[in-house]
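A.B. asks: The primary structure of each chain is shown beneath.
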Amino acid sequence: MRIVICTYISCLLLLAACSNQYHITGHSDKQYAVSNTGDSNMLKFLQPYKQSMDSQFSVILGRCDTILYKSQPECTLGNFMVDAMTEALRKKDATIEAGVFNYGGIRLPYIGTGDITLGKIFELMPFDNLVCIIDIPGDTMLKFCNHIAAYGGWPVNGIQFTIKDKQAQQIVINGKPLDTHKTYHIAVNDYIAGGGDNCSFFINLHKQTENILIRDILIAYIKTLSKQNRPLHPYIEKRIQNAG
Amino acid sequence: MQDRRSFIKKATIGGGLLLAGGFPFESFAGERIQKLTILHTNDVHSRLEPFPMDGGKYEGQGGAAARAALISQIRKEEEHVLLLDAGDIFQGTPYFNMYKGEPEIKAMSMMRYDACTMGNHDFDAGVEGFAKQLPNANFQVLIANYDFTGTALEGQTQPYTIIEKGKLRIGIFGLGIELQGLVSPNAFGLTKYLDPIPVANATAELLKRRKNCDMVICLSHLGYEYQNNKVSDVILGKESTNIDLILGGHTHTFLDHPTVVRDKNGAEVTINQVGWAGVRMGRLDYFFSSKNGSELSNSQSVIINKETSAK
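Residue numbers (the numbering used here), protein chains in the order written: chain C, 1 to 244; chain Z, 245 to 555.
Calculated directly from the structure, the hints in this document are not laboratory data.
Just so you know, not all the hints are guaranteed correct.
[What the hints assert, rightly or not] Per label pair, the in silico range of CB-to-CB distance:
| id | chain 1 | residue 1 | chain 2 | residue 2 | range |
| --- | --- | --- | --- | --- | --- |
| 1 | C | D165 | Z | K455 | 27 to 35 Å |
| 2 | C | V172 | Z | N430 | 32 to 40 Å |
| 3 | Z | K376 | C | F201 | 33 to 41 Å |
| 4 | Z | E398 | C | G104 | 25 to 33 Å |
| 5 | C | D165 | Z | S316 | 49 to 57 Å |
| 6 | C | N242 | Z | P296 | 49 to 57 Å |
| 7 | C | F201 | Z | G410 | 52 to 60 Å |
| 8 | Z | K455 | C | K50 | 38 to 46 Å |
[To be verified] Simulated pairs of lysine-lysine, DSSO-like, Cα-Cα distance not exceeding 27 Å:
| id | chain 1 | residue 1 | chain 2 | residue 2 |
| --- | --- | --- | --- | --- |
| 9 | Z | K320 | C | K44 |
| 10 | Z | K344 | C | K50 |
| 11 | C | K50 | Z | K474 |
| 12 | C | K70 | Z | K474 |
From the three backbone atoms N, C-alpha and C, an ideal C-beta is built for every residue, glycine too.
So here's chain C without its partners, still in its complex pose (with noise of 0.2 Å):
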């Protein structure tokens, strides 16, 4: 068992209200690493529940032949999340200019090297999001870039920017400037579409939401590479990047 121990006491200047029977005179802390060995009556409560999850959860859909990590600007676990969704609704709606994906909907800090589970996927995207194209004026496009850039970068597909003093700077859609007068069409997660995240700007504009869960577009994504005997390896290839 590792434990990383460290402890002070802090004798307080608080003088109890005289009503207070007790008051505080020191404290200490302690922190520990759980990685002990586990208490046989929780794992024997969760035996079932493993085992039924495990023989659901524990499929492969394919490899990566590198680890995919999370970190921003620009990380190759958002690439791959951003570039199975735009890529899939491309094939419906060939208008789509761009695809985001929210940094916060990544919830694993990495995959590992080697063979990719379904459990791995749900780890990956909890959520039972669906996709949405949004219908986004160049106006509002470039608050969000903005929003995008504040937040320190988010996944993109088919958009470029450099991130100066927390605002996006050479904004590029679809390989041209970004143009106000135009309107785009971006593929996004139904959640940052209905205002999460903070992109409140999109509540009223003119949506449309497939039903297609995310993380079924990710299983299929790498499923189709198994299927061509190709690993899973999303390239940084300078997206968003800050400026030096």
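Could you slot chain Z onto chain C? The hints should help.
C.D. replies: What follows is chain Z alone, placed relative to chain C:
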């Protein structure tokens, strides 16, 4: 109740309290001492199993069974233990997709949690989904700044509780984060979010001044600190009165040590958070005296133990 001899013995074993230079131990001599051990988790996110051995940062860490073993060991060593969680119990592994929180809540009941507050992800199966799991909870759900009137959780949660441990009266209340913009309106439904700071101050005052609690603990899912002025545990600590300890969550912050800030009256407020996924468990031991502590003329901090052991 713990007598003085057993306290001294434990304190000696526990890390040389008596050796601490400048610690006014003699002032304890004629007093009745109480010790309270507070254990806490946050953002466990359905991590019932440890992280797999895949070479990652957290491999082999966490899991309900390891935590349960640790907690029962501490319960054997300490008489007065409080076990608390600061929210986001739900969501993050297929366990939640499959069982909708049932094993998470049952495991917490088995570990004998005293109370928790609600995190934003505890709404992921809707207000109804959380309410549905409450019959499995042998602990209280504390949330002072959500108004659940007209929802499935109406009357199912409490703003605060008072737990008596030995001779101590400990007031505990809960605070949740703004749901709008974070949680789907379909999920939180008619739940109303109230400004946490005035609610916290009114609740803490009630607990400390009128209900005569010896200590007030806030279970918070506000988040540790933000770059902007969004309300957080650090802001709450500074803007509050009558709160001794804030056990936080939401930002998945790994603090090596609790942070201490000064409240509006200059009193110390301790803030702690232990990352996420149950890979860490926090512990704070509080010492109480029944005599007025006016002889402690100066506030001082004394490091009495610093130790790191591997495996």
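A.B. asks: Give a verdict on every hint.
C.D. replies: Hint by hint, here is what the structure shows:
no., hint, result
1, C/D165 with Z/K455: 27 to 35 Å, "violated, 49 Å"
2, C/V172 with Z/N430: 32 to 40 Å, "holds, 35 Å"
3, Z/K376 with C/F201: 33 to 41 Å, "holds, 34 Å"
4, Z/E398 with C/G104: 25 to 33 Å, "holds, 29 Å"
5, C/D165 with Z/S316: 49 to 57 Å, "holds, 52 Å"
6, C/N242 with Z/P296: 49 to 57 Å, "violated, 33 Å"
7, C/F201 with Z/G410: 52 to 60 Å, "holds, 54 Å"
8, Z/K455 with C/K50: 38 to 46 Å, "holds, 43 Å"
9, Z/K320 with C/K44, "holds, 21 Å"
10, Z/K344 with C/K50, "holds, 14 Å"
11, C/K50 with Z/K474, "violated, 39 Å"
12, C/K70 with Z/K474, "holds, 24 Å"
Hint compliance for this structure: hints 1, 6 and 11 are not met, and every other hint is.
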